[in-house]
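Chemist: The letter at position 97 of the sequence shown is residue 184 when you use the numbering used here, and the numbering goes up by one with no holes.
Derived by calculation from the structure, the hints in this document are not laboratory data.
Derived Cβ-Cβ restraints for the label pairs, each shown as a range:
hint, residue 1, residue 2, range
1, PRO106, THR133, 15 to 25 Å
2, ASN148, ARG128, 17 to 27 Å
3, ARG114, LEU150, 18 to 28 Å
4, ARG181, ALA149, 27 to 37 Å
Glycine included, C-beta positions come from ideal geometry on N, C-alpha and C.
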Amino acid sequence: MLKKRRCTMAMTSKETVSPVTRPVNLRVREDVRDLIDQAARVNGKTRSDFMIEASRQAAENALLDQTFVRVDADTYAQYLAVLDRPPSGEGYERLMRAPKPWKG
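Please work from the sequences and hints to get the whole structure.
Modeler: In structure tokens, the structure reads:
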């Protein structure tokens, strides 16, 4: 009796199975669509590609903004102490010496 062997190979990016896509329908005002089209053209993208990328980035940012980090009480106290310290150091001093555009 012959045993069947499974041959596994790493897939290259060209060999990967493309994910299933599904339509998303949006109704937008004409001026908004025109703005999106203009931005897409400037970036060398189609309207769909531009909207998908912008939406994905917005979704990731929305989820990242909701990240909850747990730390123990000592670590949290140390974090608060750092925030309560007055700013100092060479970088801070250089920033304070920099010209302020709002002061003309």
